[in-house]
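Asks: Protein chains in written order, with our numbering: chain Y, 1164 to 1462; chain G, 87 to 413; chain C, 19 to 343.
By construction, these hints were calculated from the structure, which means they are not laboratory data. It is possible that some hints are incorrect.
[Said to hold, decoys possible] Which chain Y residues face chain C? A few, computed with CB under 8 angstroms, are given here:
no., residue
1, 1210
2, 1309
3, 1403
4, 1420
Treat the numbers as computed from the prediction; the structure is a model and nothing was measured. Yeah, the Cβ is synthetic: ideal placement off N, Cα and C, and Gly gets one too.
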Amino acid sequence: MSDVVATPRAKGEFARFVDRFLEDRVAVFGLGLITLIVLLAVFAPLIAPQNPYDLAKVDIMDSRQPPGSKSMDGFTMWLGSDGVGRDLWSGILYGLRISLMVGLLSGLIAATIGLCIGLIAAYFGGRIENVIMRIVDLQLSLPSVLVALILVALLGKGVDKIIIALIVVQWAYYARTVRGSALVERRKEYVEAARSLGLSHTRTMLKHILPNCLAPVIVIATVQTAHAISLEATLSFLGVGLPQTEPSLGVLISNGFQYMLSGKYWISFFPGVALLLTIVGINLVGDRLRDVLNPRLEK
Amino acid sequence: MTQPVLEVENLATHFFTRDGVVKAVDGVSFKVGAGEVLGIVGESGSGKSVTGFSIMGLIDPPGRVVSGSIRLAGEEIVARDDEAMRKVRGKHLAMIFQDPMMTLNPVLRIDTQMIEAVLAHDKVSEQAARERCIEALSMVGIPSPAERLVAYPHQFSGGMRQRVAIATALLHRPKLIIADEPTTALDVTIQSQILAEVQKLCAETGTAMVWITHDLSVVAGLADRIAVMYAGRIVEEGNVSQVLDVPRHPYTRGLIGSVPSANPLGARLKQIPGSTPSLGRLPKGCSFEPRCASASEACRAAKPDATDYPDGSRVACFNPYSLARAS
Amino acid sequence: MLAFIIRRFAQALFVVVAMVVIVFFGTNVVGDPVWMMVPGDATQEQVEEVRRAFGFDQPVYVQFFRFLADIAQGDFGRSYVHGGSAIRLILDRMPATLELAVVALIFAVIIGLPLGLFAGLKPDHPASRAIMAGSILGFSLPTFWVGLMLIMFFAVMLGWLPATGRGPVTTFLGIETSLHTLKGWQHIALPALNLALLKISLVIRLARSGTREASLQDYVKFARAKGLSPRRIVGVHILKNIMIPIVTVLGLEFGSLVAFSVVTETIFAWPGMGKLLLESIQRLDRPLVVAYVMVVVLLFVTINLIVDILYSALDPRVRLAGKSE
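With the sequences and hints as input, model every part of the structure.
Replies: See below:
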């Protein structure tokens, strides 16, 4: 019964949300940018002129060619080639896949963990909340790059290790955000009503409190994903992130660093531009989401 | 008659918002003579504060003085550029604000804030400026002013802060002080103390004053003349006794009728029906017409012009109360 | 005021103790440190010998208390790679890092504050929009990549500034510095700008929102009614008010500057402790990593304490409220 009434209103709200989002041209540009980047990454094998992992296709004679050169295979390397002769454009497309995958996966897991912990803290309160929030505060008081570096120092290299490090760095932001909005929701009458109807803790939390905390989580998620992608690139650049076998954008930039001083800028430059566009796109969308989802911040 | 300190003629200040033009002040005229106190009375949103800020030249975008003339001691100040206007503000024209908790900068000491006001207009030594500040503070009844001068605003009570603001306004012995509801935020006892002191100071220094308030009882004891504002216009202006005893405009009558002391004890308070109209969408005719008991067809068709009465009052109404009708 | 300081001190102590515990278990429970210390072709006897020599054969709690006792005396062990005292090595590199962070902080204020003030005073001016777009970009740009671009542009293409290293060093008032020579400034310019980038964006945002908020306050209107010059209103009334949040935030951000200097120092070969940390991580030099973490945590805690005191010094409402307690 209540569902029947609620659905059209929810739809109306969603449509309004979409309208409000699309009002801002810069945000629409950001959204278009991300969509394009994701599509490029997903369809990299179809778009890229070369499979940079296939050693048979990579010719050492092509190494460090400036943008626009012809490869030995005859295609034009619009962005030039890297130190071992890989086409940079292909390398970037495949690198995007790794960077996006690491960023999104770590973000998703961190969001799930942070959501659960934040909900538990807000819902049960008391000592549980105190302990959790102390840990969250401690975590947030340390810069993420430092925490990630130390974790990588302890765990070692590898995709799984990096994802773990990124999860540890991010979860506390979600936990704090979710707790904040869940505390507000918890005091509202409908939660009391749900409890008095005899719903279980889990059901009350997931069915009634969680959906109302999602707006701030979505905003945090955009910012955090951009941050995670940037952090992974930073770690990989420093040589403590992803190994050479998983050439993310950070690894590509790192590989080009040694050629920078001799003026072969493109090997580091173009992967960096790809990274930058990705992060800017996500941040633009995130900024707009914050404005639309949080009317209090609006002028 | 000697030259009035302030002459405002047909002043119009409009705010150009996204939702349209808000005519906060729309054709206001009045004069204030030396040593005279003019009370501007009106509900919130009637344009009385905007009138004050327009005179000070402190209207910020999207607002703008669109037409009219403001003459201070005979000199036009409306079209002046920022720097010329700055030289007038604080020197010849001072203002006291509504909330004393907000008018003093919380992170600067009182002496900083008062001395800078002296030095903004007079090239004197800091020591001389400090002495003038001490003098001004003792004038407004602040005990041990030299010590209090080095304190921060939060160490003062609301009433004391308003005294500091008044002292600051008096530093240059301005020709005119605009007081924008300066006692509204204060306790009643402090309110009457400050009123008494301001009245005394104005009489002593010959400073003219425009006292903006929504409270008729405040101006009743303070002002020489009263201007009643409604929806950006002055509906009635005249001597205090004239306006309060023989109000001609229905709105003025309504205002006086809603003052508790004007009502018999135990009787239900009279009130004006309806509410203040939105300044963005005023009716074509008289703005008060929708709430007016004596409205006629003429009121709906056009806005009434002000009519002068032999007793010195000016009333903008098609159907003013005559003495006979009032009694 | 005293109660306030004691409470803050207890909080700081809690953070330090928590970090000691985390670092100990992190390094001793996750992975076997012995394997990092012996060559790959070591025999079982050699491994056991190393284990005994470093006390890794003892129960965990014994190791923990020995670890506690050692660091309480400032002993973090010897660097596996360099051989010397780990804490000594870190502290020797600290002045270079602090110098870089301080200069970056100064850059952030002298670049960010005027831009933010302008954007706050004239929010609709095209230049303000450009400034705000720039600050969004500043938040998005990955620090390390900007570092590379700075090198590419200023060092490689234009040849104006050196790409790497630090200028000649001298000791002035007991502080080791390279800022006494022009060469020193040339060397620090690029890395400090790189490190400052994020904070410039931050200062712009803080200054802009603070200015916009302060401009609407009655005290600014009252200052205008007093006939003060716009210069004095902005320079004294507004600036003094917005400096409080900016100093607070920047103080707290100083720690993150030190942490981020790991990246900048590596790119610009700046001989600070961040670069040493990265080398130690790559060479699995555990005592150095532990020493670095403890030094940085202590630095953080100290900074937070100082910022609290500075904050109360800047804001008379806090300062005097504390005194009258």
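Asks: Looking at the structure, which of the earlier hints fail to hold?
Replies: 1
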